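Asker: Take the sequence shown: its letters are residues 1 to 627, numbered as in the working numbering.
Just so you know, these hints were derived from the structure itself, not from any lab.
Each hint should be verified, as a subset may be incorrect.
Subject to a maximum C-alpha distance of 30 Å in a straight line, what follows is the list of computed BS3-like cross-link-like pairs (lysine-lysine) [what the hints assert, rightly or not]:
1) K462 with K492
2) K161 with K576
3) K557 with K492
4) K576 with K557
Pairwise CB distance ranges (calculated) [to be verified]:
5) S424 with R268: 34 to 42 Å
6) A605 with G540: 21 to 29 Å
7) T225 with T353: 17 to 25 Å
No experiment lies behind these values; they were computed from the predicted model shown.
Even for Gly, the Cβ is constructed at its ideal location relative to N, Cα and C.
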Amino acid sequence: MRFLLIIPFSILSPAMWAIHCLAAPTIIKEPSPLTNSVSVGAFLTNRISATTTNPPLAYQWQLNGVAVSNATNALLILTNIQPADAGNYVMIATDRDASVSSSAWVVEVDARFTKITGDPCVAPVGRASGVAWGDYNNDGYPDLFVSIVNGANVLFTNNSKGTFTRITTGPIVTGTATSSGGAWGDYDNDGLLDLFVSVNSGSDLLYSNGGSGVFTRTTSGSIVTSGGRGNGCAWADYDNDGYLDLYVCNSDQSNFLYHNNRNGTFTRITSGSPVTATGNSQGCAWGDYDNDGSPDLFVTHYLSKNSLYHNNGNGTFSLVTNQPPVADSSAGPCVWGDYDNDGFLDLFVGAQTGGTNLLYHNNGNGTFTKVLAGPLGTDSGNCIGAGWADYDNDGYLDLFVSQYGQPGQLYRNNGDGTFTRIVSGSPVTDGGTSGGCAWGDYNNDGFPDLFVTGNNADNLYKNNGNNNHWITVQCLGRLSNRAAIGAKVRIKATVGGRSMWQMREISGGNATGSQNDLRCQFGLRDATNIDIVHVEWPSGIVQEFANVAAGQFLTLKEPSRLAADVQVQTGRVEVKLIGGKGVVYQMEQSNDLRGWTPFANLTNATGMLIWTSPPASTVPVFIRASE
Numbered sequence: 001m002r003f004l005l006i007i008p009f010s011i012l013s014p015a016m017w018a019i020h021c022l023a024a025p026t027i028i029k030e031p032s033p034l035t036n037s038v039s040v041g042a043f044l045t046n047r048i049s050a051t052t053t054n055p056p057l058a059y060q061w062q063l064n065g066v067a068v069s070n071a072t073n074a075l076l077i078l079t080n081i082q083p084a085d086a087g088n089y090v091m092i093a094t095d096r097d098a099s100v101s102s103s104a105w106v107v108e109v110d111a112r113f114t115k116i117t118g119d120p121c122v123a124p125v126g127r128a129s130g131v132a133w134g135d136y137n138n139d140g141y142p143d144l145f146v147s148i149v150n151g152a153n154v155l156f157t158n159n160s161k162g163t164f165t166r167i168t169t170g171p172i173v174t175g176t177a178t179s180s181g182g183a184w185g186d187y188d189n190d191g192l193l194d195l196f197v198s199v200n201s202g203s204d205l206l207y208s209n210g211g212s213g214v215f216t217r218t219t220s221g222s223i224v225t226s227g228g229r230g231n232g233c234a235w236a237d238y239d240n241d242g243y244l245d246l247y248v249c250n251s252d253q254s255n256f257l258y259h260n261n262r263n264g265t266f267t268r269i270t271s272g273s274p275v276t277a278t279g280n281s282q283g284c285a286w287g288d289y290d291n292d293g294s295p296d297l298f299v300t301h302y303l304s305k306n307s308l309y310h311n312n313g314n315g316t317f318s319l320v321t322n323q324p325p326v327a328d329s330s331a332g333p334c335v336w337g338d339y340d341n342d343g344f345l346d347l348f349v350g351a352q353t354g355g356t357n358l359l360y361h362n363n364g365n366g367t368f369t370k371v372l373a374g375p376l377g378t379d380s381g382n383c384i385g386a387g388w389a390d391y392d393n394d395g396y397l398d399l400f401v402s403q404y405g406q407p408g409q410l411y412r413n414n415g416d417g418t419f420t421r422i423v424s425g426s427p428v429t430d431g432g433t434s435g436g437c438a439w440g441d442y443n444n445d446g447f448p449d450l451f452v453t454g455n456n457a458d459n460l461y462k463n464n465g466n467n468n469h470w471i472t473v474q475c476l477g478r479l480s481n482r483a484a485i486g487a488k489v490r491i492k493a494t495v496g497g498r499s500m501w502q503m504r505e506i507s508g509g510n511a512t513g514s515q516n517d518l519r520c521q522f523g524l525r526d527a528t529n530i531d532i533v534h535v536e537w538p539s540g541i542v543q544e545f546a547n548v549a550a551g552q553f554l555t556l557k558e559p560s561r562l563a564a565d566v567q568v569q570t571g572r573v574e575v576k577l578i579g580g581k582g583v584v585y586q587m588e589q590s591n592d593l594r595g596w597t598p599f600a601n602l603t604n605a606t607g608m609l610i611w612t613s614p615p616a617s618t619v620p621v622f623i624r625a626s627e
């Protein structure tokens, strides 16, 4: 006889039932990387994989233990990330009977910068190299040029609304070349920025700005027919004749130095140490390191020692042989900047091929000391670009370094001669192949923004600012070159309870083919007033302005020079006015220096204006000119 034993369901223990029936999902792919540090506006994705033997399988992402709305897939997409999106993300996978949690995916949101997405200036454009900020249309907002290694170069016009428009016509953006860098400079002193582009295989490119957004490509002259292998390039008026000259670094051949003939043409200099036996050069930067009024030149080389050329002030240079900057080789970017506010330019040289970055402190007596302590003197990498800027407006220059194949490096100046490396935010966590980098205040809020080129992925990081005060100074040359490249602007203010000076020298390009905004930006921290704004123009003219308010864009024009020549035999007076090319001057006359009467509006078409008075009986005693 057989018996059937029936055990009621209700008497089975919960433990017995779980062993018999439950099979929790299994996480087979955890979040990676587990920690992500990004800036505001960034984009992140993460995918979790899970399996189950007891379907269906459902997903729910949680942020700090709270379910994320509409996040019910294995893939989590975060767009336009904001500070509220920071925290620990965990995915809960649930099948018919049980749930399992993934490891925590930590998202840190750094509020210093906003990563710009969706704008044409960050759309894929090919393998980008150098980047140069320059207000080519004189609307008060810096525009953006990006050189492309494997295609047509790109130009973006600043819309003055926080956005850019890509220019699709004109010689700058048509045709292809292996371009490695670019630099803006007004070589013909007409008040419009022109553009030079170095080309690594073939002749370099020069575009003359004709106004209204129209450029003309120069097709004759050694500056565009020498057939070099260009890398870095930079403008400077090395002989202080009022017109910009140009230096170009070349691979596997001598470098180029072009002297401006002051008529729209250039002469290639073929003698002297800067252009003979210069080696495989990569980056260059002009800077008056000894404050003698003449720009000196630093050049980096691949597999050979770097070079420093002292400007003798007579059109020639001397190769410096006994200073730390020339004892090292780097092949990386080089940039001048007064990081300790002592009034003398210091020098950063970025490492390549895994070497160590190099920082040289200017001792103020024509010598340098190599800084061996701190991250700027010990960090290694494969640097492509570098740029100084006081991004937090605390009164001290900070430094960003772009790197090949790894995230960039941002160093905050501590104000005591040391630096702290910033480890959070998209500028220092975005990977990929980077190119050049440059700072420019594209939205005119007083805080410098950062553009970094890459391989099909350029990045613009908008500076979100803080409560610190600032002032931005734009210089317009008259006797000096119109872009005022080489001018030194010094300001004195009481910052944090201490009276201190700051100095900026306007650069015509640096690093390995990149260029910062030509305007001088100063951070002031808690200062609301500047005691002194002091300008040293390349012509030798010095100006000072007292009690200048903070929080403004200050435009300073170099004074024109008025000279009179009395023609005794004819009883006439000949007046020579040397100043800005294309500037209209109002001529006034007086017999007693009290009352002035306008008598002519004259256009200085060439940079020198000559006016001859009427017969002696009507010659005024005093004449003045204003623009």
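Asker: Are the hints correct? Go through all of them and say.
Answerer: These are the hints, each one checked on the structure:
Taking the CA atoms of K462 and K492, the gap is near 28 Å; set against the 30 Å cutoff, the hint holds. Distance hint between K161 and K576 is unfulfilled; the C-alpha atoms sit about 43 Å from each other, more than 30 Å. Only pairs whose Cα atoms come within 30 Å are accepted, and K557 paired with K492 is accepted, the gap being roughly 20 Å. Restraint check for K576 and K557: the C-alpha separation of about 19 Å stays at or below 30 Å, so the hint holds.
Taking 34 to 42 Å as the suggested C-beta distance range, the pair S424 and R268 does not conform, at roughly 48 Å. A605 and G540 have their C-beta atoms about 25 Å apart, which keeps the hinted 21 to 29 Å range intact. Between T225 and T353 the Cβ separation comes to about 33 Å, which falls outside the hinted range of 17 to 25 Å.
Checked against the numbered hints given earlier, this structure breaks hints 2, 5 and 7; the rest are met.
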